[in-house]
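Undergrad: Put chain B with the ligands on the given structure of chain A with help from the hints.
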Amino acid sequence: MTNMNVVGKRVLRQDAFEKVVGGKGFPVNVRLPGMLHGKLLRSPYPHARIVRMDTARAEQMPGVKAVITPADVPQIPYNPIFFMPVTSAGLVRDMLILSDTVRFAGQPVAAIAAISAAIAEQALQMIEVDYEELPAVFDPDEATRDGAPEIHAGVKNNISDTPSFAIGDIEAGFREADHIFEGTYETPRVHTCYMEPRVCVADTDTNGHITIYSSIQHLFGLRERMAYALGLSVSQVKVVQPPYIGGGFGSKLDMVYAEPLAALLSARTRRPVRIKHTRYEDFITNARHPMKVYLKTGIRKDGTFCARYARTQCDTSAYASQGPVVIMVHAHYGLMLGYRSPHLKWEGKVVLTNNIPGGAFRGYGAPQACFAVESQIDEICEELGFDPIEFRLKNTPRRGDPHPFNPEWKLDTYALDECLARGAERIGWSQRARAGSSSSTKKRGIGMAAHPLWVSGCVGFPDIYEHSGAIIKLNVDGTANLSSATMDIGSGQNTVLCQIAAEELGLADGAVLMSPGSTDTLPFDAPTHASRGTYSSGNAVKVAAAAAKKRLLEVAAVIMEANADDLEVCNGVITVKGSPARSMSVADVVKRAESPYMVIGEQGPAPTVLEEKGTIMGLSSLAPSTNPSPAVAEFVEVEVDTETGQVKVLRAVYAHDLGRVINPAAAEGQVEGGLQQGIGFALMENMLFDPESGACLTSDFLDYKMPTAVEMPRHIESIFIESNEPSGPFGAKSLAEACLIVPAPAIANAIYNATGARIRSLPITPEKILKALGKL
Amino acid sequence: MKQLISLEVNGDRHEIAVEPDATLLEVLRDHLGLLGTKQGCDSGGCGCCTVHIGDRAVYSCMKYALSAQHQKITTIEGLGADGKLDAVQDAFVREGAVQCGYCTCGMIMTAKQLLHDDPHPDEDAIRHGIAGNLCRCTGYHKIVEAIRTAARD
Ligand code: FES
Ligand code: FES
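Which chain is which? The protein sequence lines are A and B, in order. All the letters of the first sequence, read from the start, carry residue numbers 1 to 776 under this note's numbering. All the letters of the second sequence, read from the start, carry residue numbers 1001 to 1153 under this note's numbering.
For reference, chain A alone in the conformation it holds in the complex (with noise of 0.2 Å):
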């Protein structure tokens, strides 16, 4: 695609000049005159029966104004995932505001507001609960066994779901198998770690409105759960839109026990009331869900799969919440639908445990099976001896094939092989040594591996929100403004649906600005998650813009007497064409449009034109009809030093289809990020609780390590390939998500390359390492 002036540019981010001075529109900087601060009372213990809670002190002590216990709180079970309609078949409601049973060791029990937030933490400590202790079960296999604790009332043997697909016959699948490989691969819990706290703040009016602000992915999820859970209607409830937030990474798709207590709060004094997280409440508050995946694959010699068998077991933790949907998730889009086999089957469990609760993370399940699947396809090549790019190339997916998931959807902009190929020659591969060959003791080595099925959004999971909206105005400067209840949670995704904008209505970079607003104002937008902004929102945008043009072109014509279908407009300026010479600016339209009927020029009062008047503006809201598949690919190498284990990553090349760059800049940032995470969740991430009372040991940032600028590697390279997706905004497909559901298992086959020990459970730290090197 040519002739494009704001796609594809390095366009700044509208947002960065603001927060390098300071950021004033963080969610953690709202404050309300007269405003309340709010503090939670959060259980010690893992599993308890509050059987009595005297609040009398609390309420007592000066400039406390509010303390809610369970007694005051509506007991309507609610699910608190955003993306799908709360009262969903698919989802368990198992949730309630505040309950007189505890499932995690944090969970809250009461909330209290006070004229300042020192004064809440204080009256913490006046409530006295008395608790009956019940028996906690933390492993996921000790959950399962007869006569473990029973977490809820009637979930057998705590099993939460247990979901299941097969294709073919997997019996036979695996008779006609040369070969067979098994093995199981372990994922650790792992926090998103957004630098900005959760944090909210409620205004209830005298009539039960609800106003909240709120560091969130999601503000028409919010609105929904808060009045499902609170019992009002949702009109009631009215989430204004941050600017942005300080990161979500997915654990910003959940209601937090926060918010409907700030309601109920401020409620009961008439006064806003802000709840702010400290970092500890946000590590207990959700977290990546710790799998266990056993993984059988049969091969003919030809090196094709004729059997693939998986089974899953994932720790949902205290409450079902996100499992039964990430669990599915991971199945089709992780484990299964990414490379072809006649024969195939899965099975998984959902366990519900007292650990604390599970939430979204970047990559939704992909990256837990991701490892799983490209570890052992390593082992596969490295026993039998072919090569793992041509080895893939086989099994996977080819462009023109139909879609794996909906063979209604065509592969037909698919570019994994150029991936592979282009990833290949920049990171070296073909001069990649033998594993474990080299003899000094620091080890370099290489690995790679691919995703090669990822989304563009949910079109097609059943019950899951996925339409988008956008408003957009132009203004007598010839300036335009874009709404959208869409969230940019980091990304620069705003910066993006603004050129997007800017291209459809021929506008220069820079002038479409966003405006944030509210759920009472835009149109509903699906939430900020699953890899679908630039392409679901940008598609809403891209409509609204086409809108807002038409009627720009329309009422130009009437101005330029011309035919609407011939002009064109770009860069501001709008032609006939083919007649450069008869222009006006898009702001002169403008001006026009927004004049009054009678006009009192040098002659005197004139009437402009009664058809030329109003507001030019375009409005949309859709859903995308399909669904197209990015394909990756990541190239690593790394350095091992065998006597102390440590592992350095030195270079990542990163590939990745992602049908159109819109913003190099921001596309380049979303994968330097998505390592960083990636690099985390490989070799050091890990959430340790007590195994005794459940306590989170890595609650703060001492404890719990990711990686600094020192761990990155020095040289990261982003490799876009343009497949130009017809169903995308100018072409454009997904790409947030999958640069970090590849690095893990790319860095632990450079492992394997380096030094001849293959780690099958994250993260590979230097202990595992000297097991394996049998150094320990």
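No wet-lab data here; the hints were simulated from the structure. Quick caveat, the model's predicted, so the values are computed rather than measured. Please note: incorrect hints may appear among the correct ones.
[Claimed, not checked] Pairs of lysine-lysine residues, derived as BS3-like cross-links and limited to a Cα-Cα distance of at most 30 Å, are as follows: (1) Lys1072(B) / Lys292(A); (2) Lys771(A) / Lys705(A); (3) Lys238(A) / Lys473(A); (4) Lys24(A) / Lys442(A); (5) Lys24(A) / Lys1002(B); (6) Lys473(A) / Lys648(A); (7) Lys1063(B) / Lys705(A); (8) Lys24(A) / Lys1084(B); (9) Lys410(A) / Lys394(A); (10) Lys1002(B) / Lys1072(B); (11) Lys1063(B) / Lys24(A); (12) Lys613(A) / Lys473(A); (13) Lys1072(B) / Lys9(A); (14) Lys442(A) / Lys775(A); (15) Lys442(A) / Lys9(A); (16) Lys296(A) / Lys442(A); (17) Lys1002(B) / Lys1084(B); (18) Lys296(A) / Lys238(A).
TA: Chain B with the ligands only, in chain A's frame:
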């Protein structure tokens, strides 16, 4: 019991009554309304709260406000002049080093000190210099670039 203290922040002197255990971070944000300095952890682990005391970059969450009297404190709001961005701020915008932006102000304050101590740092010096500031969005790549650019210009 609250005490009356006097702080000089960005050239302005403020008299404020604070609890003796109030951190500088708390006082900057909640008493003085200087919201550019962020709290990411409140325990010396993230660097979001970095400010300058004199020409040293410090975690303001780890500093009692009382102990910062009689020293010149600079926050992100004190950078740049005449409505223009400071060179480091400008480089962060131009190099695409800002994503969610929550770490950004602390990162810039650390980078300022780094360049003050060593106007032409090599890549290793930059990476070690900002190792006390976490960023979860950028992978640090463009942050390192931005600091290099600021050093060059
Ligand atoms: S808030 Fe001070 S280091 Fe994190
Ligand atoms: S830009 Fe988000 S934490 Fe650094």
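Undergrad: Is the hinted pair Lys1002(B) and Lys1072(B) satisfied, with a Cα-Cα distance of at most 30 Å?
TA: With Cα atoms ~22 Å apart, Lys1002(B) and Lys1072(B) stay inside 30 Å; holds.
Undergrad: Please verify whether Lys1072(B) and Lys292(A) have alpha carbons no more than 30 Å apart.
TA: Status violated; Cα separation ~54 Å.
Undergrad: Has the given pair, Lys473(A) with Lys648(A), been kept, meaning a C-alpha gap of at most 30 Å?
TA: Not OK: Lys473(A) and Lys648(A) at ~50 Å, beyond 30 Å, violated.
Undergrad: With a cut-off of 30 Å on the C-alpha distance, tell me whether Lys24(A) and Lys1002(B) pass.
TA: Status holds; Cα separation ~29 Å.
Undergrad: Has the given pair, Lys1072(B) with Lys9(A), been kept, meaning a C-alpha gap of at most 30 Å?
TA: Distance of about 42 Å is beyond 30 Å: violated.
Undergrad: Between the alpha carbons of Lys442(A) and Lys775(A), is the straight-line distance 30 Å or under?
TA: holds (15 Å)
Undergrad: Take a quick look at whether Lys1063(B) and Lys705(A) sit within 30 Å of each other, Cα to Cα.
TA: holds (23 Å)
Undergrad: Could you grab the alpha-carbon distance between Lys771(A) and Lys705(A) and see if it respects the 30 Å cut-off?
TA: holds (21 Å)
Undergrad: Given the hinted pair Lys410(A) and Lys394(A), is their Cα-Cα distance within 30 Å?
TA: Given that 30 Å is the threshold and the Cα spacing comes to 19 Å, the pair holds.
Undergrad: With a cut-off of 30 Å on the C-alpha distance, tell me whether Lys613(A) and Lys473(A) pass.
TA: holds (14 Å)
Undergrad: Given the hinted pair Lys296(A) and Lys238(A), is their alpha-carbon gap at most 30 Å?
TA: This hinted pair is violated, its Cα atoms lying about 50 Å apart.
Undergrad: For Lys442(A) and Lys9(A), compute the direct alpha-carbon distance and say whether it is at most 30 Å.
TA: violated (42 Å)
Checked against the numbered hints given earlier, the structure breaks hints 1, 4, 6, 13, 15, 16, 17, 18 and satisfies all the rest.
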